Structure formats: structure tokens, C-alpha cells
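Chains as they are written, first to last, in our numbering: chain A, 1 to 276; chain B, 1 to 276; chain C, 1 to 276.
Hints listed in this document are in silico derivations from the structure and should not be mistaken for laboratory results.
As the structure is a prediction and not an experimental result, all values here were calculated from the model.
There may be inaccurate statements among the hints.
Note that identical chains are pooled: a pair holds if it fits in a single copy or bridges any two copies.
To be verified - Distance condition first, Cα-Cα at most 30 Å in a straight line; then the derived BS3-like pairs of lysine-lysine:
| # | residue 1 | residue 2 |
| --- | --- | --- |
| 1 | K158 | K270 |
| 2 | K238 | K259 |
| 3 | K194 | K238 |
| 4 | K105 | K259 |
| 5 | K194 | K266 |
| 6 | K78 | K105 |
Residue-level listing of the chains:
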Amino acid sequence: MLEGIIQNVRERVPLIHCITNYVTVNDVANILLACGGSPIMADDQQEVEEITSICAGLDINIGTLNSRTISSMLLAGKQANRLGHITVLDPVGAGASQLRTNTAKSLLEEVKFTVIRGNSSEIKTIAAGKGNTQGVDANELDAITEQNLPQAVEFATKLSESTGSTIAITGAIDLVCDTTQAYVIRNGHPVMSKITGTGCMLTGVIAAYCAANSDRVTEATVAAIAAMGLCGELAYQKICETNGGTSSFRTYLIDAMSKMEDDILKGGAKIEVYTR
Amino acid sequence: MLEGIIQNVRERVPLIHCITNYVTVNDVANILLACGGSPIMADDQQEVEEITSICAGLDINIGTLNSRTISSMLLAGKQANRLGHITVLDPVGAGASQLRTNTAKSLLEEVKFTVIRGNSSEIKTIAAGKGNTQGVDANELDAITEQNLPQAVEFATKLSESTGSTIAITGAIDLVCDTTQAYVIRNGHPVMSKITGTGCMLTGVIAAYCAANSDRVTEATVAAIAAMGLCGELAYQKICETNGGTSSFRTYLIDAMSKMEDDILKGGAKIEVYTR
Amino acid sequence: MLEGIIQNVRERVPLIHCITNYVTVNDVANILLACGGSPIMADDQQEVEEITSICAGLDINIGTLNSRTISSMLLAGKQANRLGHITVLDPVGAGASQLRTNTAKSLLEEVKFTVIRGNSSEIKTIAAGKGNTQGVDANELDAITEQNLPQAVEFATKLSESTGSTIAITGAIDLVCDTTQAYVIRNGHPVMSKITGTGCMLTGVIAAYCAANSDRVTEATVAAIAAMGLCGELAYQKICETNGGTSSFRTYLIDAMSKMEDDILKGGAKIEVYTR
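Please build the complete structure, drawing on both the sequences and the hints.
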């Protein structure tokens, strides 16, 4: 199912326009390069349409929003839509403030996204128009568990129907749904939540994987999530061997992504096709 | 004296709202996670009051200021005061430009800070309303030495009295004073000044330690400074073992913070209660 | 020819004012410290003239431009010119958007730069007033090769004549020209293009090397490029030994710069004086 997805990224080197927060922007750029893509960051309204035009994909991430960048996100998103480019939304902290919730809402009204990726709290905010986000991490009540998986699949499928987007809800258990398919991914490691930016980085990787595999974006999203989770597992193994901490973990995570290939992913991916 | 301070951080996971510069923001987020807290960065006036309301502490850092973020700092600071939250000021480069000096002054007039942390030059600028800052490092004339320690304690105590804040002056020798207590900390390593962000990271850690130990903020500040210095010592040891340079040092510093516990701190802290 | 250049940087610790993009700003600050300089980042028009006045050099990098920072670049550049400071321009992505192309043009009209460093596509954009930039990497057509080296030298020499700047075109082969001299540098490693910021970091290092060696800026530029390339080679060697990936490469690159000395550079530099 995931054959050749990573190979395509490495051969096609998709250029990804990122309008993203300044907290994790360096990590996003580096993991995009590591996974086989190429990043370009530009957030001024005077250039975003031009920049997005020369790219294959657009990654919009609403962390550290301001009014200047919101306009740019809308302009870039519409331009990407006009050109039929891959568009990915990361609604960081939707639900934590009206500004973020409303911006996510505006973006969804005016831009069609290929994929929306967030934690369960952010995705629920998007679905509900109201939120229960604590900070930028999903609060516990909202997390996907083995018990509430059927409800989560139903919820995500409906959201996919209403938005036309592939929905990716990530956390201890990851879920990817479009209107007809659902996948559960069980890769990853808890230390991933002890560094900033794993979500932002993942969204960047999803954009690159989808841009290089635009004929199978749901599968590309699944592959990106499994690859990222597997990198987390490999990085955890390496900090155990070297007695490292969370910053070494970050380094090894990106290191692992720079070496990720289809065969490695195939050997380590824990993907389940969810049967309704 | 420092018993349980770190344990409290790891158990309570204080959410810290950071309005900070874009140079070291990623390091601040990562060390906040490493020390047991949780970061959220938001600097737009449309959301800072809401964001700070869901947090336990506010970290204001005036590096890379602009007029947009200055307003946000004032709004967030006042809101944090209304809610009785921990507020920490890092007056990066106060004295290097009128903008920074005046912003520090405005912040001190309109916001009550739990802790103010800077190098000796920045803190003197705050006290004097005029400065002698070279870049963002304390110039040598201003540095605290064994010889001028009594004068420094007197100076910091007076500043604590006039501001109502715990004053932390960091450098080769670190000093923490409130109106009744003074502590001298002799942890740390000179290589800490060869990476960017050790000061910004420390201020973030102080915010988290204080937010999780709000009944003893001066002690929490001392613990944070000693912990950071000890991490610097451990990181230096590790670059010697691995033949690493300054970037590895940065990685190992955050690594060490991610493993810091009360017992490790107790074993390595070099804290002196200063008796006047 | 390069004798004492690095020693001068380490002894004089030039303070470099950077107005640079938020993607790689942390790397730029850290490599400036690693190479022996000291960074200060400030981009608000209310303070840039003051800040640049206390510095020895100014590094202007047009990645992630916006209208606020463009004004600041012009103000800082003119002030640096008035004071006779070293000024270095990195026209990131010139040619990728009108905003970037026009900003580079305005800067060149209003500010005299000591050095302009970019990839071949960016430098050609500057020369031509039109561009063929794909993203922020030079497209293949434009790259300097052994075959087109004579044409490249002629091109760069003419640009040096018209701008009064030392011209540095970097890529697999690096070229530095002023009106009378031309140098070809063959250090570096392809993995350098797999992390973000090698160009931005190099420009920062050039600013520090020139500021500490203002009587021989072309040689200082050559030294900076060779040093950076050599660090890339050493970092590559280290990831091979440790089975690391691209993020470890970034760490080792800055590590190597923190240990760079004149003797190491002399032993590893691959510099050819180009004879016309």
C-alpha cells in the first residue's frame, strides 16, 4: 500500500511553501530537507502568492499567529487552490484562543485543504467551532484510546465529508480518515511530546509526502505519520544507547528521517486498516 | 531548602506563556519541556490575554522587540497580574538601545514582576534608567566578582525593595536577592556564554520553577539557576568526553535539564546563603 | 595569505548586528559565537540605527522579509555606511518573488555592501534585475562548474566593479571576486545542502571575519568560505563515524567552527588563486 511513497519524495524533491510559527520553523525546514523535500518560508502578503505558485505544496500552521500572517495564509491558500496544489493545515492551539479558533474557521471557509492534521483537541475545535484546548497539547479527555476508537473514526469520517479533506488526528494512537478509508497507526514514542515541534514537523512531512504522491494523499499521510513515529522509536533507542536526553532525541529524530526509506518504513510501520 | 522544587515542576507541569524573541524561542520551548513545564508562545494582542489566562506563568523577554509585541507584553503582563500569576521579566539588551531601555521601564511601571532576571549590565540599566550595555552580554566593568559582592547584594536588595520583585543577576557568579534574603550561586561553566540563549532558557526555567512553587519563589529561582548551571557543568563534561564543540554543548545542556531531579541538584548545587 | 585571520576574530570578538530571517536565526547566532564573534539581532526601525552603531559589522539577510523589516534594513545599512562598518548582504531567494528581487535592488541602490554572498541564481538575479530562482536553492542551470568558471569569474568581477562589493558566489564550487582578484574554493560537502541555514550561517561568519580583518575583506571572505566548507567536511566525517544523519551533521558543523583555528584552516583549505 505504501510502496514507493518515500522514493517518490526523494526523486521529486517537492518544494513546500510553509507559513508557520517562529517557534519550530527551523525544525520544520530541516525535517523537510531530511525527508526529501525542500522548504521555502515566506509569510508576507506581498510575496506569498508568487512563492506558493513555484511550489508543489503549501503548509499552513497557525502557531504564533498575527494579523499580518493571517492575511498571508488566506492569500496563499486561495492561490494554492487555484493551482490545484497540495494544501495542509495544522491548526496549532485551535481552541486555546478565539484568534486561533476563528482563524482556523476562516481558513476552512475560504481554503480547501488536502489534509488537516492536529491533535484530538484541535481537530474537535475545528469540528465544533468551540474548543477545550489546554495550551497546545490535547487534553486528556479528548485523546483517542482503544476504547473510543470507533467513535473517533466516525467523527473523523464525518469531518472528512464536510471538509473534503483527509483528517489526521495524532496522539498516542494516530488516526487517518477520508470519506471511505480509515487507518490506525501505532508508531511513535512518548518522548516525542517532550520536545517542541513534533506536530509541526509531521505536518511539514505530510505536505512533502502528499506533494510527491498527489494521486494517493491519504496513503501518503499515513506513510508520513508512520515514518515520523518510527523515527521517534529509533531516536528513543539511540538516546538509550548513548545516555542522551530530550535534545539528543530531537537530533536523532531528524537524523532518522534523513535516512528513512520505503524498506525501513515497511519493516517498522504499525498500520492497521480500520474496518468499520 | 530546595527540597521537592523540581518534583513539583514535574508533577504540576506548569504551562508557561512566553512572549520572547525569535532567536532563542525554540531553545526556550525545549528547555521548558525538558525541565518539566509546558510552553505556549503567543505574541499577538488579540490573543495574549486569553492565552496567559490559561497558563500558570508568564515569561516576558524583550529581545527582538517590535511595537506590535510591546503592546502584547503590556496586555499579557497586566492580565497575569490580575490573575495573580507568576510573571518573569528578562530585559535582554536593556541599555543597548533606547527602545529596549524604555520598554523595560514601561513594563516595570505597568506590570508587577515576580522575578527579574538579567546580566549585571541589564539589571543596572533597569535600576538606573540609563545603561552601559554592550550588545546583549554584560560588559566586564559591570560583572559581579568576589570583591564587589557586598555592593552587588546591597544594590539588588534595594532594587527588590523598589520593584517588589525577586532580583536575579546572572554571570560567572550568580546572585538572587529579595528584600530579606540573598543567595550566591557558583554553578555554571564559561562555555555557556559561547552559545546563544542560555539566559533566555534560564528565564523560562525560572518561570516554570516559580509557577510550580509559588509559595517560595526566591528559592525556586535559586534552584532554577543552580540547576541550569549544573546542567552547564554536566554538558561541559560530556563535550570533553566526546570531543564535541559548542553545538553539542547546547544539546547536552538541554539533555541534562531533561534528566534533572531534586537529588541531582542537591548533589551538585553550589549555593551560599549570603549573610549580611 | 590567510594568516592570522581567525586569530583576529577570536581576539577582537566583533559584535555583528544581524537583520535576518526567523528560520535560521538561531543557527546564525550560534555560529557567530562559535567562530569567535558575538551576535545581536534587532530588526525594529526604532532601534536598528542605535544597535548597528555599537557593532563592528552588519549582516542583512532577506529571507522571510516583511515591510517592517525592509525599512529597518535600509536604515541600518545607511547608518553602517555612515560609520564605515562592514556590511554584508545575503539576498536569500532573490528572483523567487518580486518582493525579494526588489528589496535586493533597493538595498543595493541605497547601501554600499562590503560583501554580497549568495548562490549563483541569487547573484545573477542581483546582476540582471531579473531572476530564475527556484525556491532558495540555485537551480542547476545557473551553477558554477569547472567548465563555466572563466565566464563566472568575468561575471563576478564585473558585478564587483559595478557594486564596489566583494562578490561571493557559493555552491559546489565557491568563487570570490573583487575588481582585481579572484579565488576559487573547493571545500565543502554535498550534505551541507541537506540542512537549512548553511548559506545564512556562512554570511554571518563572513561578516565576523571581515569585521575583525577590515583591511583585507576579500581574503577574510575567502577564509570564511573555506572554513565553513572545511567544517562541512569535518562534520561529514563525524556523522560517518557515529552513524549520524543530517541533524547531527548540523551540530558537528557548528562544533567544528567552534574549534576552527588558523592552523586547521591552513591544513584543510582548498583555495586556488584564479589567474585570468
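Each hint, compared with the structure:
With identical chains, the CA atoms of K158 and K270 are at most 30 Å apart within one copy only, with a shortest distance of 25 Å there and 59 Å across copies. Both within a single protomer and between protomers do K238 and K259 lie at most 30 Å apart by alpha-carbon distance, with minima of 14 Å and 16 Å respectively. Proximity of K194 to K238 under the C-alpha cut-off of 30 Å is found in both arrangements, the shortest distances being 16 Å within a copy and 21 Å between copies. Neither within a single protomer nor between protomers do K105 and K259 lie at most 30 Å apart by alpha-carbon distance, with minima of 37 Å and 40 Å respectively.
Both within a single protomer and between protomers do K194 and K266 lie at most 30 Å apart by alpha-carbon distance, with minima of 26 Å and 24 Å respectively. Both within a single protomer and between protomers do K78 and K105 lie at most 30 Å apart by alpha-carbon distance, with minima of 15 Å and 29 Å respectively.
The structure shown violates just one earlier hint, number 4.
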